[in-house]
Amino acid sequence: MEEFFHAHQAQHYLVLAALLFALGAAGVVIRRNAIIVLMSIELMLNAVNLTFLAFARFPLVQNSPMGNFQHAHAAVFFVIAVAAAEAAVGLAIIIAVFRSRTSVNVDEFDVLKL
Amino acid sequence: MAEMILFYVFAAGVLFAGAQVILWRNPIYGAVSLVGSFFFLAGVYVLLAAHLIAILQILVYAGAVMVLFVFVIMLLNLKEEELGEQRLTAFKFIGLLAVLAATAIISWKALGPAYPGAPLHDNAHLRDFGTVREVGKVLYLASVLPFELTSLLLLVAIVAAVVVAKGKI
Numbered sequence: 001m002e003e004f005f006h007a008h009q010a011q012h013y014l015v016l017a018a019l020l021f022a023l024g025a026a027g028v029v030i031r032r033n034a035i036i037v038l039m040s041i042e043l044m045l046n047a048v049n050l051t052f053l054a055f056a057r058f059p060l061v062q063n064s065p066m067g068n069f070q071h072a073h074a075a076v077f078f079v080i081a082v083a084a085a086e087a088a089v090g091l092a093i094i095i096a097v098f099r100s101r102t103s104v105n106v107d108e109f110d111v112l113k114l
Numbered sequence: 001m002a003e004m005i006l007f008y009v010f011a012a013g014v015l016f017a018g019a020q021v022i023l024w025r026n027p028i029y030g031a032v033s034l035v036g037s038f039f040f041l042a043g044v045y046v047l048l049a050a051h052l053i054a055i056l057q058i059l060v061y062a063g064a065v066m067v068l069f070v071f072v073i074m075l076l077n078l079k080e081e082e083l084g085e086q087r088l089t090a091f092k093f094i095g096l097l098a099v100l101a102a103t104a105i106i107s108w109k110a111l112g113p114a115y116p117g118a119p120l121h122d123n124a125h126l127r128d129f130g131t132v133r134e135v136g137k138v139l140y141l142a143s144v145l146p147f148e149l150t151s152l153l154l155l156v157a158i159v160a161a162v163v164v165a166k167g168k169i
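These protein sequences, in sequence, are chains A and B.
Mapped onto my numbering, the consecutive letters of the first sequence carry residue numbers 1 to 114.
Mapped onto my numbering, the consecutive letters of the second sequence carry residue numbers 1 to 169.
To be clear, the hints were calculated from the coordinates, so they are not data collected in a lab.
Remember, predicted model here, so these are calculated numbers, not experimental data.
Be aware that a few hints might be false.
As the list claims (entries may be wrong) - Cβ-Cβ distance ranges computed for the label pairs, FRET-style:
no., chain 1, residue 1, chain 2, residue 2, range
1, B, Thr89, A, Ser64, 41 to 51 Å
2, B, Gly117, A, Ser100, 24 to 34 Å
3, B, Arg25, A, Gln62, 22 to 32 Å
4, B, Gly136, A, Lys113, 23 to 33 Å
5, B, Ala124, A, Glu3, 44 to 54 Å
6, A, Val82, B, Val162, 43 to 53 Å
7, B, Met74, A, Asn105, 33 to 43 Å
8, B, Ile158, A, Ser64, 31 to 41 Å
9, B, Ala160, A, Met66, 11 to 21 Å
10, A, Glu2, B, Arg133, 38 to 48 Å
11, A, Val29, B, Leu153, 24 to 34 Å
Claimed, not checked - A short list of chain A residues far from chain B (calculated; beta carbon distances all over 10 Å):
no., residue
12, Arg31
13, Pro65
14, Val104
15, Asp110
Every residue gets a Cβ at the ideal spot worked out from N, C-alpha and C, and that includes glycine.
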């Protein structure tokens, strides 16, 4: 069991990221509540972060074309910042739509006009 | 040995809490499960030797973004009937499991040729990999323009959130 983990260490992290992304995508598709849809998008963003970090620790080449594999950590930093901004604006949009529709059901958001 | 046990514990926690997010009908339970999922994910980040990112994950997600979610959920104060009926039927549940199993098998098989044996390069043994000093060097030397633009992005997001949510200025 332990040899198996060490022989396939990189795959473990990357498959976990793929599963988390699939969970987030499934949440976006099967849930109607707009807040849950936003949360599922956060899950998908975190899955991508996990992929970045897994490839930073287990790169496929010896030397990075950027000179340093910690550029992946910088990329994750920017993804976290963009995700925070996206959550703030997305929740503001949900509040604005809730005010005119009194609903957070995405099936009822079928007209662009407020 | 310890690394393997910790990985499986954290991975199970991430997936279990992540599944709770989309299975609970009430969004407040989903928000709390999301916090748990992000805490377990921070543990996985530590296993990947990304110490700074793990701390940022807890500070930004479990601290700031989750407060925002919980705040909005309580502000909207949805009634029972507004939540809608639970529409997670047996077919959707089986479909979710099938999607997860297919994703796991396909990604495992697809990654086989890329990592035929144990990973050739393991950067976790590098000195100072993923510490504040090393990631800070990358952030402030190699990508200083995106870093400064991020502050502008956050400023725009603050203004946009206020303008959109307030209605009448």
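A quick look at each hint next to the structure:
Thr89 of chain B and Ser64 of chain A have their C-beta atoms about 47 Å apart, which keeps the hinted 41 to 51 Å range intact. A hinted range of 24 to 34 Å for the beta carbons of Gly117 of chain B and Ser100 of chain A is inconsistent with their spacing of about 59 Å. The beta-carbon spacing between Arg25 of chain B and Gln62 of chain A, approximately 50 Å, falls outside the hinted interval of 22 to 32 Å. Restraint check, Gly136 of chain B to Lys113 of chain A: a C-beta distance of roughly 47 Å breaks the suggested window 23 to 33 Å.
Our hint of 44 to 54 Å for Ala124 of chain B and Glu3 of chain A is violated, since their Cβ atoms are close to 18 Å apart. Distance hint for Val82 of chain A and Val162 of chain B: a CB-CB separation of about 19 Å, inconsistent with the stated range 43 to 53 Å. One distance hint, 33 to 43 Å for the beta-carbon pair Met74 of chain B and Asn105 of chain A, is violated here, with the actual separation near 18 Å. The given range of 31 to 41 Å is respected by Ile158 of chain B and Ser64 of chain A, whose C-beta atoms sit roughly 35 Å from each other.
Between Ala160 of chain B and Met66 of chain A, the C-beta spacing of about 32 Å breaks the proposed range 11 to 21 Å. Glu2 of chain A and Arg133 of chain B have their C-beta atoms about 32 Å apart, which leaves the hinted 38 to 48 Å range violated. As the Cβ distance of Val29 of chain A to Leu153 of chain B is approximately 28 Å, the hint placing it in 24 to 34 Å holds. With a minimum CB-CB distance of about 6 Å to chain B, Arg31 of chain A fails to clear the 10 Å threshold, and the non-interface call is violated.
Non-interface call for Pro65 of chain A relative to chain B: holds, since the shortest CB-CB distance, roughly 12 Å, exceeds 10 Å. The Cβ of Val104 of chain A does not lie farther than 10 Å from every Cβ of chain B; its closest approach is about 7 Å, which violates its non-interface assignment. Every C-beta of chain B lies more than 10 Å from that of Asp110 of chain A, the closest at about 16 Å, which supports listing it as non-interface.
Hints 2, 3, 4, 5, 6, 7, 9, 10, 12, 14, counting from the list given before, are not met by this structure.
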